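Residue numbers (this note's numbering), protein chains in the order written: chain A, 3 to 348; chain B, 3 to 348; chain C, 3 to 348; chain D, 3 to 348.
Hints were generated in silico from the structure; no laboratory data involved.
These numbers come from a predicted model, not from an experiment.
Incorrect hints may appear among the rest.
Claimed, not checked - Here are the computed distance ranges between Cβ atoms for each label pair: (1) C:E50 - D:G129: 54 to 64 angstroms; (2) B:G319 - A:G315: 50 to 60 angstroms; (3) B:A23 - D:G306: 26 to 36 angstroms; (4) A:E226 - D:N321: 48 to 58 angstroms; (5) C:A19 - D:D220: 57 to 67 angstroms.
All C-beta atoms in this analysis are idealised placements derived from N, C-alpha and C, irrespective of residue type, glycine included.
There are 4 protein chains.
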Amino acid sequence: MNFASDNAGPAHPAILAAMTAANAGHSPGYGAEAAMERVQAMVREIFEAPEAAVRLVATGTAANSLLLATLARPWETIFCARTAHVQEDECNAPEFFTGGAKLTLVEAPDGRMDPDALRAAIAAEEGRGVHGPKRGPVTLTETSEKGTTHGPARIAELAAIARAHGLPVHMDGARLSNALAHCGARPAGISWQAGVDALSLGATKNGCVGLEIVVLFDPAQAQEFDYRRKRAGHLFSKHRYLSAQAEAWLSDGLWLDLAARANAAAALLAQGLGARGVELLYPVEANLMFFRAPRGLHRRLHEGGAQYYLWGGDLEGGNPDDLLTGRLVCDWSADAAAVERFLALI
Amino acid sequence: MNFASDNAGPAHPAILAAMTAANAGHSPGYGAEAAMERVQAMVREIFEAPEAAVRLVATGTAANSLLLATLARPWETIFCARTAHVQEDECNAPEFFTGGAKLTLVEAPDGRMDPDALRAAIAAEEGRGVHGPKRGPVTLTETSEKGTTHGPARIAELAAIARAHGLPVHMDGARLSNALAHCGARPAGISWQAGVDALSLGATKNGCVGLEIVVLFDPAQAQEFDYRRKRAGHLFSKHRYLSAQAEAWLSDGLWLDLAARANAAAALLAQGLGARGVELLYPVEANLMFFRAPRGLHRRLHEGGAQYYLWGGDLEGGNPDDLLTGRLVCDWSADAAAVERFLALI
Amino acid sequence: MNFASDNAGPAHPAILAAMTAANAGHSPGYGAEAAMERVQAMVREIFEAPEAAVRLVATGTAANSLLLATLARPWETIFCARTAHVQEDECNAPEFFTGGAKLTLVEAPDGRMDPDALRAAIAAEEGRGVHGPKRGPVTLTETSEKGTTHGPARIAELAAIARAHGLPVHMDGARLSNALAHCGARPAGISWQAGVDALSLGATKNGCVGLEIVVLFDPAQAQEFDYRRKRAGHLFSKHRYLSAQAEAWLSDGLWLDLAARANAAAALLAQGLGARGVELLYPVEANLMFFRAPRGLHRRLHEGGAQYYLWGGDLEGGNPDDLLTGRLVCDWSADAAAVERFLALI
Amino acid sequence: MNFASDNAGPAHPAILAAMTAANAGHSPGYGAEAAMERVQAMVREIFEAPEAAVRLVATGTAANSLLLATLARPWETIFCARTAHVQEDECNAPEFFTGGAKLTLVEAPDGRMDPDALRAAIAAEEGRGVHGPKRGPVTLTETSEKGTTHGPARIAELAAIARAHGLPVHMDGARLSNALAHCGARPAGISWQAGVDALSLGATKNGCVGLEIVVLFDPAQAQEFDYRRKRAGHLFSKHRYLSAQAEAWLSDGLWLDLAARANAAAALLAQGLGARGVELLYPVEANLMFFRAPRGLHRRLHEGGAQYYLWGGDLEGGNPDDLLTGRLVCDWSADAAAVERFLALI
């Protein structure tokens, strides 16, 4: 009953099998292996973007920060949701990689940036000449950190605000596959057709060992990305184990299948919680959810073997009736039995 | 009738006279001139801080950023008022000088950080291990950007919150002299005795040519500051012209006299505005104020020769009845006649 | 006949088997998995350093740069061999991670820093107060980039020069295992006992998928390292696949066995070249060598299927008699048959 | 008898008079004052560059570093003379401002970069793809740190090497006025016509209080420069005191007159040293020189009241016969009497 994070789950066996299969003989490194050609072709086809530049890195923070550094100048500010991973969970990586750009926080009550709040935030960075930070990229997280999804229309609405000011748009797609599995949109429709310039497509959380696929829809930016990746220590010499992961993950729709499995487990969990009168804070659209419950219940769940993180207070101490928020994340390997055991504890 | 900024005013003649007097013969540079010894002794005496390290730079952004970089590590976040100069008007200088530290904005409705908001902001940066930014320095602005002053008690209250978490405290004292002239506190009482570790004492806005006095109450931090100042191009070779300014400015209480003059002009202006029914947004305690008035009035004032900045809209276009906010700043040279001419236009 | 790089070879099957074995069920991430405890214990035992802090990253540039950033301040200069990987092959990563420290190049004619040159380089950074860069860490590469090894005595000699000036010592041990396999020294003897403070122990080039083991002999520096690793995107969420590699690699002396295999292949190759009168530029002590030969011979070798890099000129064009330098690297999987085929082409 | 540095001398009285004259009434700041328009027009006329963008900062390190950061990307290396101020005397400022670019040192035995050495250095940074640093700007120092001058032909020769590789050229002209006074070249001829893209024209060392004039011959780079200047704290609010210095310094050829005075004093000194058999290390072409003499003589000079820096050893201790190098710098205010007193001590 581990619902702590989708990165607590294992990789799909096909991924390790592919890495093992790639482990034969000598190979050029640094992305010059033949498999990388195939990966780029697959991504271009899946995203209907025949010119896109495709790169691989091993962590989500690397993908996000390298892309933001490619899109932003150091004197700019990056507009992100208040809850965004780049703001909350990357220990100032965007500031580091960009050489000191700022993040401007946009309200996103349910994890999705509010369009009016984005408009206001952009407008507020106007009219101070060289004195204030200059407007830089807008970064959107799909699936959001709260487990909600934007879908193509909302992404397009937000991206249009950015583009009206000439600002590039980045998508942190650490869980984009879960959003796609939810809404059924075409990858092109939720990315470049909706106005996204550069994408971090997360695979680690969804069945890989350590892989994030970077998609630069404007290939002219690839060279700068390459220099930044190298000097940040994120270019792998034995790159074949990244391309092997990517090829297996994208083959035969595995990436979407795994996302659908995780979503299904989450839906089952949400349904069960709802049926038991447990309060869910946001619509459950992908593979994670937040629920509010008394500390006493959280204790019982943890004592029963459930693993997940709490927000707003500790398990120990305090009044058993205090309401604390728990986050439950289902990875691709979460099964119905675990969900049922969890629900049975309530 | 120039109320645009205190840096639009001239230097006091004594400052230029001192620079001219310093312009005789050869002198060691880089702060090794004899006058710098005297300046350090004066600052130590004025602040009752016999161990403090004193340094000079030429701009406020340099003073603030160099000090914040000395106090913060790159993976930390600096707590500042939402309205702080370091956030709004330094084009990401703190992020640049610190090597990528973050700024966490604390609500400060009237320019003064709300203690509960500071507590909440610090608490919110807890419990994410290496993932979130780590808590770093708290920076307070006295006089605040809204023209209000904290006074020693409020500074001490905010600094105590920082120190309870082991966080150092910086004061952006670009207009500290105006606050002191207002409240009559002892410099020690509003700085190190209230919990301030490092101070940017602004002189440029208050009668100098280009001078900010840096006071490190913990002299052990001076060496790091010195390396940072040098590698940022802020160590002056012909340093004698900075120490000459400082010596003249601090002599015979000139710095407080000039601040008192500016405050008096502002008080006269505020009184006149109040008498004419003009809405002032915040208490006028130092040398600047914000007033709300219809666009039509702002136009009349500007056409009559008044100079000041508007917030929330442009002078031209739009409805003459729209309420716009104007900022009025009095420098030491603002005289009663200018104030009267301004008021007469209303 | 791929002698292009040791990272062109495959991982040892035991490494992928260990990763596959680790792929079971849920696990804490970010190094909190149980295997990481075991890895730290193994490293401590192997290095006879019961207090050392052990960390894992995936690339050599990450290991080197994060350690150098932990050891150096931005206003310092890092002393490295002119041929060092950190200078030549990391696209300014040390400058990036340190926030702008400098590298001072020390002559190292055969890849090993000359002690007198190091003394002179350190002495030259003296006496300019805040104006010049300040002296920072010394970094040594064992096995050197030229395929020579220092051995404990030479490492100790160089480290003593650093320590006499109070400077910390870093070892880039991308091929340390090859040096140990060559000289038979104890790991402690060539590292902390010789004066090394922090070590990048390379595993990627020697049979792993992507793994570098960071050893901080002073564990007080681990926390700063951890923040730097996180904010550089080098902390892996599914960290178990790094610790699995490390555990397998260090078990039963596999790491030294693999290094010995690579060295043996290189010795065979060197012997054969020598027997055929081919000029070798440096003593062949580990798993790589440089040889000088006419362009015509290089062409014949490449046309015969040999893969390796050339220095000082291209294969195509030019005079067939021009002497060009080739670098031959044997990885653990290089076998005698490949060596024989290569030699037969000469 | 102060020959320690040209920044040990006073400013010319006309400079302080101009600052005092500028100290009247209110003025826009940040370079928006009317005088700045005049300064830009004067520089454009003097340099026959009607499109050039002109900016003012207060220190040479600021001018150099801001320009190099504008010309270089963080993954590039800047080619500079081994003796360059940016390498030796700016405490890693170029690395800081550029966000981690590297400096590649080019041999310059007499302070002037050797063309073949520059060619070789550029060639050496070739062919390692993303792994090595990429080639960046070439920076030339005129007058060189050794007191020699390049003149237009040598500048053009070196710049042509850079331009053949598409690399921009920066000139550190801290003492450009001395070189111009020496060779009589037109400012255009030694700068943009010779291939220089951006110039730091030093005024501080040559009679100003604190002023460096930045000339961007490609005005398209001015906006980036402006953001960088602001976020580095080098944009002055009371900018009028910079433009006042510049206007006075450039008026009526004062800048060249002052340089000629300094050069004349240096020539007198060099002649006297030569006549007394003292060894001068380099041709004396501007306002500084290096001489080699026994420690005993250096002691006698210092005891007699001469001030200057020594290279290669200390005044105290050691053998009186040891040969040490002394640097003598004449500023504009150095007079014949001081020179005669100095020579009389020998």
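- Query: Which hint numbers doesn't this structure obey?
  - Reply: As far as the earlier hints go, only 1 is violated by this structure.
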